[in-house]
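As you go down the protein sequences, you meet chains A and B in turn. When we follow numbering that gives the first Met the number 0, the leftmost residue of the first sequence carries the number 0, and every step to the right adds one. When we follow numbering that gives the first Met the number 0, the leftmost residue of the second sequence carries the number 0, and every step to the right adds one.
Please keep in mind that the hints were generated in silico from the structure rather than gathered at the bench. A virtual CB, placed ideally from N, CA and C, is assigned to each residue, including glycine. Among the clues, some could well be false.
Lysine to aspartate or glutamate pairs mimicking EDC-like chemistry, simulated, CA-CA at most 16 Å apart [as the list claims (entries may be wrong)]:
#1 A:Lys72 with B:Glu55
#2 B:Lys77 with A:Glu55
#3 B:Lys72 with A:Glu38
#4 B:Lys72 with B:Glu38
#5 A:Lys77 with B:Glu9
#6 B:Lys18 with B:Glu43
#7 B:Lys11 with B:Glu55
#8 A:Lys72 with B:Glu9
Pair by pair, the computed Cβ-Cβ distance ranges are [what the hints assert, rightly or not]:
#9 A:Glu9 with B:Lys15: 38 to 44 Å
#10 B:Arg68 with A:Arg22: 27 to 33 Å
#11 A:Glu78 with B:Met0: 19 to 25 Å
#12 A:Arg68 with B:Gln73: 17 to 23 Å
#13 B:Glu43 with A:Arg12: 15 to 21 Å
Protein chains: 2
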Amino acid sequence: MYVILVYDVEQKRTAKMLKLCRRYLHWIQNSVFEGEITEAKLQELIHRARRLIDPETDSLIIFTSRHERWLDKQIIGKEKSSTDNFL
Amino acid sequence: MYVILVYDVEQKRTAKMLKLCRRYLHWIQNSVFEGEITEAKLQELIHRARRLIDPETDSLIIFTSRHERWLDKQIIGKEKSSTDNFL
């Protein structure tokens with residue numbers, strides 16, 4: 000399945016969250032990731048993310064689509080991932 | 000069409016960007032919006048956003064889908080929009 004993941008976590012957890020998400024998906028902007036992932040891997044990612052976040056303050060939004068072709072992507076301005084992908 | 004919009008702009012432009020996007024879409028997280036919008040309205044939003052951003056530093060990613068039903072949305076942690084929608 001195709002996934003878009005966006006997180007909003009407190010500053011002190013951003014590095015861990017970034018690292019976790021990059022193990023599963025492609026980083027495309029600040030706190031935005033996308034990619035093809037299996038249902039099992041997505042559940043693993045969600046499970047790990049739940050252990051990382053504080054549900055009182057942090058949030059994670061995951062959009063899933065069975066096919067990437069059902070979505071078009073357009074980037075206005077700077078394409079982050081092409082230049083800043085080396086954290 | 001159904002749209003997910005995510006922006007990453009410099010601090011000094013966030014308030015203007017937030018205000019602009021909220022005129023067209025629903026705010027669901029920090030810098031993430033979604034909603035049904037016509038192609039004409041989306042083009043208007045993009046046009047206005049282009050005048051606001053600095054393309055050297057800021058970016059705007061827009062995912063579009065012809066039907067909202069092609070996407071599932073899952074929120075882990077805090078549901079921002081339900082409580083913080085009164086900026």
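Here is how each hint holds up against the structure:
At roughly 19 Å between alpha-carbon atoms, Lys72 of chain A and Glu55 of chain B are farther apart than 16 Å, so this suggested pair is violated. Distance check on the hinted pair: Lys77 of chain B and Glu55 of chain A sit about 6 Å apart at the alpha-carbon level, within 16 Å; holds. Proximity of Lys72 of chain B to Glu38 of chain A is assessed by CA-CA distance (about 14 Å); at most 16 Å being required, the pair is judged to hold. At roughly 22 Å between alpha-carbon atoms, Lys72 of chain B and Glu38 of chain B are farther apart than 16 Å, so this suggested pair is violated.
Between Lys77 of chain A and Glu9 of chain B the alpha-carbon distance is near 12 Å, which keeps this suggested pair within the 16 Å criterion. A C-alpha spacing of about 14 Å is found between Lys18 of chain B and Glu43 of chain B, which places the hinted pair at or below 16 Å, so the restraint holds. About 15 Å separates the Cα atoms of Lys11 of chain B and Glu55 of chain B, which keeps this hinted pair within 16 Å; it holds. A distance of roughly 22 Å separates the Cα atoms of Lys72 of chain A and Glu9 of chain B; the hinted pair therefore is violated under the 16 Å criterion.
A beta carbon spacing of about 25 Å between Glu9 of chain A and Lys15 of chain B contradicts the range 38 to 44 Å that was offered as a hint. The hinted window of 27 to 33 Å between Arg68 of chain B and Arg22 of chain A holds, with their beta carbons roughly 30 Å apart. Under the hint 19 to 25 Å, the C-beta atoms of Glu78 of chain A and Met0 of chain B, about 23 Å apart, fit the expected range. Taking 17 to 23 Å as the suggested C-beta distance range, the pair Arg68 of chain A and Gln73 of chain B conforms, at roughly 21 Å.
Glu43 of chain B and Arg12 of chain A have their C-beta atoms about 37 Å apart, which leaves the hinted 15 to 21 Å range violated.
In terms of the numbered hints stated before, the structure departs from hints 1, 4, 8, 9 and 13, listed from lowest to highest.
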